[in-house]
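Produce the entire structure from the sequences given, and follow the hints as far as they go.
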Amino acid sequence: MSLKRELIYIDEKDETDRIAEYSYQGDKIRIVFKNTTKEFLYGRERARIVRTAVSSDKAFNVFNYLKEIAETVGLKTEEGNNILARSYDSIAAIPEDCVLEVFLNHSLSAPKGKSTNPGFFPFGFNLSQRKAVNTAFSNKLSVIEGPPGTGKTQTILNIIANAILNEQSVAVVSSNNSATKNVYEKLEKNGVEFIAALLGNSRNKKEFIDSQKAIPDLSEFHLGDEEKTNLKEKATTLIAELSGNLHKKNELALLRLQLENFETEYEHFKETYKDKAKKVVAFKRAITVDNILQLWIKLEAFGNRKRKIGFIKRLIFRLKYGIKDKSFYTNSLGEMIYICQSKYYPTKISELIEKIGSLEISLRYFSFNNKMKEYTETSMQLLKAELCERYNNQKREPYTIQELRIKSDKFIKDYPIIMSTTYSLRQSLSDNISYDYVIIDESSQVDLATGALAFSCAKRAVIVGDTKQLPNVVDADMQEKTNMVFNSYELQEPYRYSNHSLLSSLIELFPNVPKTLLREHYRCHPKIIEFCNKKFYDNQLIVHTKYSEKRQPLVVYKTVQGNHARERMNQRQIDIIKNEIIPKEGLENVDLGIVTPYRNQTNALQMAFQGTSIKSDTVDKFQGRENEVIILSTVDNNISEFTDNPNRLNVAVSRAIDQLIVVVNGNDNESDNNISDLIKYIEYNNFSIVQSELSSIFDLLYRGYEEERSKILRKSGKISEFDSENLMFGLIKQVLAEDQFLKYDTLPHFPLRQLFMDFSRLNEQEAKYASNPLTHLDFLIYNKLSKVPVLGIEVDGFKFHKRGTKQAERDKLKDQILKEYNFPILRFRTNESNEKERLRNKIIELQTQKELW
Numbered sequence: 001m002s003l004k005r006e007l008i009y010i011d012e013k014d015e016t017d018r019i020a021e022y023s024y025q026g027d028k029i030r031i032v033f034k035n036t037t038k039e040f041l042y043g044r045e046r047a048r049i050v051r052t053a054v055s056s057d058k059a060f061n062v063f064n065y066l067k068e069i070a071e072t073v074g075l076k077t078e079e080g081n082n083i084l085a086r087s088y089d090s091i092a093a094i095p096e097d098c099v100l101e102v103f104l105n106h107s108l109s110a111p112k113g114k115s116t117n118p119g120f121f122p123f124g125f126n127l128s129q130r131k132a133v134n135t136a137f138s139n140k141l142s143v144i145e146g147p148p149g150t151g152k153t154q155t156i157l158n159i160i161a162n163a164i165l166n167e168q169s170v171a172v173v174s175s176n177n178s179a180t181k182n183v184y185e186k187l188e189k190n191g192v193e194f195i196a197a198l199l200g201n202s203r204n205k206k207e208f209i210d211s212q213k214a215i216p217d218l219s220e221f222h223l224g225d226e227e228k229t230n231l232k233e234k235a236t237t238l239i240a241e242l243s244g245n246l247h248k249k250n251e252l253a254l255l256r257l258q259l260e261n262f263e264t265e266y267e268h269f270k271e272t273y274k275d276k277a278k279k280v281v282a283f284k285r286a287i288t289v290d291n292i293l294q295l296w297i298k299l300e301a302f303g304n305r306k307r308k309i310g311f312i313k314r315l316i317f318r319l320k321y322g323i324k325d326k327s328f329y330t331n332s333l334g335e336m337i338y339i340c341q342s343k344y345y346p347t348k349i350s351e352l353i354e355k356i357g358s359l360e361i362s363l364r365y366f367s368f369n370n371k372m373k374e375y376t377e378t379s380m381q382l383l384k385a386e387l388c389e390r391y392n393n394q395k396r397e398p399y400t401i402q403e404l405r406i407k408s409d410k411f412i413k414d415y416p417i418i419m420s421t422t423y424s425l426r427q428s429l430s431d432n433i434s435y436d437y438v439i440i441d442e443s444s445q446v447d448l449a450t451g452a453l454a455f456s457c458a459k460r461a462v463i464v465g466d467t468k469q470l471p472n473v474v475d476a477d478m479q480e481k482t483n484m485v486f487n488s489y490e491l492q493e494p495y496r497y498s499n500h501s502l503l504s505s506l507i508e509l510f511p512n513v514p515k516t517l518l519r520e521h522y523r524c525h526p527k528i529i530e531f532c533n534k535k536f537y538d539n540q541l542i543v544h545t546k547y548s549e550k551r552q553p554l555v556v557y558k559t560v561q562g563n564h565a566r567e568r569m570n571q572r573q574i575d576i577i578k579n580e581i582i583p584k585e586g587l588e589n590v591d592l593g594i595v596t597p598y599r600n601q602t603n604a605l606q607m608a609f610q611g612t613s614i615k616s617d618t619v620d621k622f623q624g625r626e627n628e629v630i631i632l633s634t635v636d637n638n639i640s641e642f643t644d645n646p647n648r649l650n651v652a653v654s655r656a657i658d659q660l661i662v663v664v665n666g667n668d669n670e671s672d673n674n675i676s677d678l679i680k681y682i683e684y685n686n687f688s689i690v691q692s693e694l695s696s697i698f699d700l701l702y703r704g705y706e707e708e709r710s711k712i713l714r715k716s717g718k719i720s721e722f723d724s725e726n727l728m729f730g731l732i733k734q735v736l737a738e739d740q741f742l743k744y745d746t747l748p749h750f751p752l753r754q755l756f757m758d759f760s761r762l763n764e765q766e767a768k769y770a771s772n773p774l775t776h777l778d779f780l781i782y783n784k785l786s787k788v789p790v791l792g793i794e795v796d797g798f799k800f801h802k803r804g805t806k807q808a809e810r811d812k813l814k815d816q817i818l819k820e821y822n823f824p825i826l827r828f829r830t831n832e833s834n835e836k837e838r839l840r841n842k843i844i845e846l847q848t849q850k851e852l853w
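Using full-length UniProt numbering, you'd call the opening residue of the sequence shown number 1 and step up by one each time.
Bear in mind the hints are in silico, worked out from the structure with no lab data behind them. As the structure is a computational prediction, the values presented were derived from the model and not from experiment. Check before you lean on any hint, since a few could be wrong.
Unchecked claim - Using C-beta positions, here's what the derived DEER-type ranges look like:
(1) 189 to 48: 27 to 33 Å
(2) 79 to 540: 47 to 53 Å
(3) 365 to 213: 41 to 47 Å
(4) 825 to 580: 42 to 48 Å
(5) 731 to 57: 52 to 58 Å
(6) 237 to 189: 23 to 29 Å
(7) 119 to 849: 53 to 59 Å
(8) 493 to 166: 34 to 40 Å
(9) 413 to 477: 43 to 49 Å
(10) 329 to 511: 53 to 59 Å
Stated by the list, open to error - Pairs of lysine-lysine, DSBU-like flavour, derived with a Cα cap of 30 Å:
(11) 274 to 819
(12) 407 to 206
(13) 205 to 181
(14) 298 to 711
(15) 819 to 324
(16) 298 to 274
Cβ coordinates follow ideal geometry from the N, Cα and C atoms, glycine included.
Written out as structure tokens, the structure is:
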């Protein structure tokens, strides 16, 4: 069947198939019908030409490319039929208001028609989910980014609920049936599954036909007009109250995480300085962290000016900070700063505990959980009342397989929610059916050819997925074949089938597409998901799970050194899991899953635990699942690129609810990779770090210090009195925001003496300079997962650092000190250029070196 690029209507009837050619003649349209040479002239009031989604040459070209891809990648039946290609062949016309038009033309415009504003969330909501639903209903195309455990299904259910209230139809699709069945089961749990049909392939259709249910008795959900009005007013009031308190819930979650991080860093601080003489100095009882930081900064200012703290200043310090002990001023500048730092941690922890307690009382007083339950029950009551009006006292006639296509218009009124795979959606009902919405779940695993098919039968689309999780896999053979097809067309790179999922393609094609990140996380122990948050999500997640002492959340087991892996299977790791980890960790009767990168290891694990409740599979197969405890068997003797894939590791870690156990080979491996980041993160949080010559970075302490320093320095928030350093700070932040560098962060004005554990390598002059609390690096880049310093950066003003100046001598001394500890430094002169590329290349170079700390 040939695809119509325009539709020709005569007297409001589609006559496109009967017409051989047409052209405009003044204010009339000349039409020649097939099987005749006679010409007819029609006025514009009788004949009209309607554009379609492929009217433009660009869109037509992209469609033909996708069609050829379908012919290349589509599975064939035993009879040799290519089902995917057949689906493309069956498309006679694509309406211009179809969402596929957006994808083919690479043009995203505002939706036509009035947008509806969703008012009800019968499945519950948080702030991100509410925003995502609102965005879905006000845009033709929108993206919902759903990191692990952030309630994607709940968001989809609320979109469905509001579509039903608006008398709209929705197709819910994914690359496999499990995601859509999950949505169906949630509808079933709430007693509204009768509005949905699980269709798609022939087997699903048959199962649906064989198990059709009558419409349940909905009379108990009937509401009178006054009751309905009252419930709507109640829901409106509750949602406003809940939204305000959801902000408090998020603030509480962030504070709890901050408290845990400060307590962890404080333990490291005390361990690092355990040999330092304890200086007990009394501060005033009501002293705040801001006061302590201000004192620290003022002490540094005195040191910079080489001035003693006189009587008047001591009196001011006594009144402001409560320092009565004169012996405080007999300490060196470094010791006074250490006293401030020692006081900072317990004071900050106390302030956080107080804030947390205040929010907890406020939420308890509001009775948040009861109010949310009341709201969801009220909203569900309104939804069911709507369904009662629409369906009650109706008798639903059962459908046959053939009638799914013949009576599609009637069927979609009976079942406004259709569930399928992207591959099979067009086969579910008539080719002419156009859904109001298509929701594509797990879109990072949906390929371009089947995703475009789903677009072809919907007016609007909601794309749900996560580019940080595993994409669809295209093997080497298919990559080669599809690249040949791609290269035969002149298309933009995001249309390349071999290395783009539907989600990644859309994000690249439409960088400004309306997008919502679901931030609130509800699955994993905070210590577990915090790795993913820092490593992959740039600290954007808000972790709502609570700390539990049920079991240690993070554990690493290392086998003895040796080449234990053979053909992507490691029996030594299996033996350790079976004979050591499970009995030692008490996992015999626990919801346990074992994940591994390789199919061979999975097969061996499944044999080893045959007959038990332990689930074992590849990481890829575990996407979308979860277990109370997850064991990650890495297999490799030396971690491979496949195992170390960031998306694969993100999925593996985020499957664990209470405990993650990582099993690695004990081979010495100092390479800088994702697995080593995970191990170092676990070691830092378990206080099992092997101390090196470089000190662990106390970034929370110094971040607080820098924030206070920038307030005092300039109200504009600049971090330095030098514009060159302010510019460099912005440039560093810009580089570290790139995906490949997300695990790094930077601290400005970092003291050199906090970088080293001891000064034994230095001569007297070097040690004196390095131990001076006023000697600092302009910027320090560090690994925020392991708190290990990575790179020092200095910004050298052309005149101030000119050769022969005192500052140039200090620079030389600083460089020599860092060289003694093999610590890299990168200097930028203010009269140079190409700073961003130099910095990026230096970090990449360090990542490839085994010596990277």
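Against the structure, the hints:
Judged by the Cβ atoms, the range 27 to 33 Å given for residue 189 and residue 48 is violated: they are separated by roughly 49 Å. A beta carbon spacing of about 50 Å between residue 79 and residue 540 agrees with the range 47 to 53 Å that was offered as a hint. A beta carbon spacing of about 45 Å between residue 365 and residue 213 agrees with the range 41 to 47 Å that was offered as a hint. As the Cβ distance of residue 825 to residue 580 is approximately 44 Å, the hint placing it in 42 to 48 Å holds.
Judged by the Cβ atoms, the range 52 to 58 Å given for residue 731 and residue 57 is violated: they are separated by roughly 42 Å. Between residue 237 and residue 189, the C-beta spacing of about 27 Å keeps the proposed range 23 to 29 Å intact. A C-beta distance of roughly 57 Å is found between residue 119 and residue 849, which places it inside the suggested range of 53 to 59 Å. A hinted range of 34 to 40 Å for the beta carbons of residue 493 and residue 166 is consistent with their spacing of about 37 Å.
Under the hint 43 to 49 Å, the C-beta atoms of residue 413 and residue 477, about 45 Å apart, fit the expected range. The hinted window of 53 to 59 Å between residue 329 and residue 511 holds, with their beta carbons roughly 57 Å apart. Taking the CA atoms of residue 274 and residue 819, the gap is near 27 Å; set against the 30 Å cutoff, the hint holds. Restraint check for residue 407 and residue 206: satisfied, since their Cα atoms lie roughly 16 Å apart, inside the 30 Å limit.
The hinted pair formed by residue 205 and residue 181 meets the criterion: a straight-line CA distance of about 14 Å does not exceed 30 Å. Only pairs whose Cα atoms come within 30 Å are accepted, and residue 298 paired with residue 711 is accepted, the gap being roughly 13 Å. Of the pairs offered as hints, the one joining residue 819 and residue 324 is violated, with about 43 Å between alpha carbons and a cut-off of 30 Å exceeded. Distance hint between residue 298 and residue 274 is fulfilled; the C-alpha atoms sit about 26 Å from each other, no more than 30 Å.
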